[in-house]
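Participant: Position chain B relative to chain A; hints supplied.
Sequence lines, in order, name chains A and B. When the count follows this note's numbering, it moves up by one through the first sequence with no breaks and lands on 354 for the last residue. When the count follows this note's numbering, it moves up by one through the second sequence with no breaks and lands on 354 for the last residue.
One or more of the hints may lead you astray.
Identical copies go unnamed one by one, so any copy, or any two together, can satisfy a pair.
[Claimed, not checked] With a straight-line Cα cutoff of 27 Å, these simulated BS3-like cross-link-like pairs (lysine-lysine) come out:
| id | residue 1 | residue 2 |
| --- | --- | --- |
| 1 | 252 | 3 |
| 2 | 103 | 210 |
| 3 | 227 | 121 |
| 4 | 252 | 103 |
| 5 | 252 | 2 |
| 6 | 303 | 285 |
| 7 | 123 | 303 |
| 8 | 123 | 3 |
If you are wondering where the hints come from, they were derived from the structure by calculation, not from laboratory data.
There are 2 protein chains.
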Amino acid sequence: MKKHNFSAGPCILPQEVMQEAAEAVLNFNNSGLSLIEISHRSSEFVAVMERARALALELLGLENQGYQTLFLQGGASTEFLRVAYNLLENKAAYLNTGTWSSKALKEAKILGEVVEVASSKDKGFNYIPKAYQIPKDADYFHCTSNNTIFGTQIKEFPSTDIPMVCDMSSDIFSRVLDFSKFDLIYAGAQKNMGPAGTTLVVVKEEILGKMSRTIPSMLDYQTQIAKDSMFNTPPVFAVFTSMLTLEWLKNKGGIAAIEEINDKKAQLLYSEIELNPLFDGFANKADRSNMNATFTLNKPELKDSFDTMWKEAGINGLNGHRSVGGYRASMYNALSLESVGTLVDIMSELERKA
Amino acid sequence: MKKHNFSAGPCILPQEVMQEAAEAVLNFNNSGLSLIEISHRSSEFVAVMERARALALELLGLENQGYQTLFLQGGASTEFLRVAYNLLENKAAYLNTGTWSSKALKEAKILGEVVEVASSKDKGFNYIPKAYQIPKDADYFHCTSNNTIFGTQIKEFPSTDIPMVCDMSSDIFSRVLDFSKFDLIYAGAQKNMGPAGTTLVVVKEEILGKMSRTIPSMLDYQTQIAKDSMFNTPPVFAVFTSMLTLEWLKNKGGIAAIEEINDKKAQLLYSEIELNPLFDGFANKADRSNMNATFTLNKPELKDSFDTMWKEAGINGLNGHRSVGGYRASMYNALSLESVGTLVDIMSELERKA
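The shape of chain A in the complex, shown without the other chains (with noise of 0.2 Å):
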């Protein structure tokens, strides 16, 4: 039977790059060795290790533009405190807009003085603040564009002069946006990019180098950078796989093309849960993510039937995070549209038997 993968992530990734990455597991560039057991150093997985990287910039729009692209590993969490690590020498600013926001926040204040210059923690994070002041003395802004747990998403970004960092784990390559007004851009793989295991890092190489304290080696962005995205061994199979699916958005047109797509699977799916009485959605309706759905079913006593009947076709990952509840349904680039109508569908047959 034909899966619906809505999981939050790891996620649903292109069955072509599931297949490739099988393959190569076997028999990498038909050399007779797996692609997990040749030298990092060899020129095979050195072009896939470019190829990633340069990828990552001509998906973004960003070549030419004194950029550089690394693969690291340790997840977005990693990111929250190399960015402070590199960055933060007197004051940061940050916008809270969920559980990464704050954890990011939580790291960076380990190192420095962070200013929260607007959490929507007073509704649950339900949505995202507008009006709010960045102290232009900071040494950067940091703010998460897509928000998993809460189902929301920036729509509109603050303009500021100082540095702009952004957690875009959740939805980078998902949307066309203007990423030349970020100075760092950091996503975990493990949504729109790749398996678990890889972080891409996409940061403009004149905001470093400004730090007055010793940063540990491979906390350093300078060193990962000087080393070429390999100063010690990296995860092989999540850079590979990664590099299949950037392979796979470029073939598909590029981010304006799967943007297209996105939108209409999260406008069928709103669309539903705002005229199917039986659904409330979560987020305020302005900051709604295109990702993440988050919504909740306003009969308890048809949560049985409801889960029965989604698992029964094929659905997965469809049950809202723990600290959320009710449903989250995640339509990262490789679900289809015709998983979001299998939904829609069950949502609405659901509605006519109650």
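Facilitator: Frame of chain A, contents of chain B only:
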């Protein structure tokens, strides 16, 4: 043609492990979903993580002795820093036996005083220092069990009352040791345990929690332990494939059984290096590594023929590290005695032809 993979790391893994890993990328546990698209919080993946952690402890003979096992990200290079963050309050003692020890020492220095108890740098790291004093007032003693680049290996570990920390990246699971002598063992997966992208940490819990500094979340072993090695999304593929390799080792009879084969492989190659007048071993005989044999060809005019011969025989990864030159044959657990035989045959053939 059959390949003989002597790569220093990433390196050969058992053929059946590669097969099973590839199958799981296509269809994990017959779920219709890929290993890399399911939630790391799913019961299926939690079982993988638990199994991998339990197998590591079991194979090392460290069950029920107060040890915790973690599968982290960032490679041994990140542990250089994590160790110091978690254990270095005043002063640490390091034994310097090569590139990796030197790097570990450098990172520790960022956080406190470091005493280099001994170093073999005077002879290009071709031996293991033996008579040295470990200061009793140091927070811990750190050593590197096997030096991949120089091909040396500690055969007898010192006794000390302070916590003993060991980087076993390149020989863990290859030989029987009294692992309970160590309070913290870490190892990048990409030699005897799995693909690049995860690091095994085995730590005696009682040595933790004694620092006056605030430890960043991702660097804090206690945080990682409290979250059962899933503080953030783990590197799913690398952990799963490590679990398969540990399972393979257990089925082989564990460390004692593989050590017998490893001894035979090393004896076969080192005998040839000693008897064949064309080759010279790099490392001091008493300290030679059973994992990485380093040697040079003493007739440069034969280099081209030798290189052609081993490549034509399907041998891969025999070039020495750029900092040593010559040749390096890495004979990790998954490399067969037959592969070593193939290399030795070619070395003898070169002698006959010369």
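Participant: Evaluate residue 103 and residue 210 at a C-alpha cut-off of 27 Å and name the case that applies: within, between, both or neither.
Facilitator: This pair counts as both: shortest intra-copy Cα distance 24 Å, inter-copy 24 Å.
Participant: Which holds for residue 123 with residue 303 at a C-alpha limit of 27 Å: within a copy, between copies, both or neither?
Facilitator: within (25 Å within a copy, 72 Å between copies)
Participant: Measure nothing new, just compare the shortest in-copy and cross-copy C-alpha distances for residue 123 and residue 3 to 27 Å and report within, between, both or neither.
Facilitator: neither (35 Å within a copy, 61 Å between copies)
Participant: Checking residue 303 and residue 285: alpha-carbon separation at most 27 Å within a copy, between copies, both or neither?
Facilitator: Within one copy, since 24 Å is at most 27 Å while 70 Å is not.
Participant: Should residue 252 paired with residue 2 be assigned to within, between, both, or neither, using CA atoms and 27 Å as the limit?
Facilitator: within (22 Å within a copy, 38 Å between copies)
Participant: Evaluate residue 227 and residue 121 at a C-alpha cut-off of 27 Å and name the case that applies: within, between, both or neither.
Facilitator: Classified as between; 24 Å across copies, 40 Å inside a copy.
Participant: For residue 252 vs residue 3, is the C-alpha pair at or below 27 Å within one copy, between two copies, both, or neither?
Facilitator: Intra 22 Å, inter 37 Å, cutoff 27 Å: intra-copy only.
Participant: Within, between, both or neither: how does the pair residue 252, residue 103 come out at a Cα-Cα threshold of 27 Å?
Facilitator: The answer is neither: 34 Å in one copy and 44 Å across copies each exceed 27 Å.
In terms of the numbered hints stated before, the structure departs from hints 4 and 8, listed from lowest to highest.
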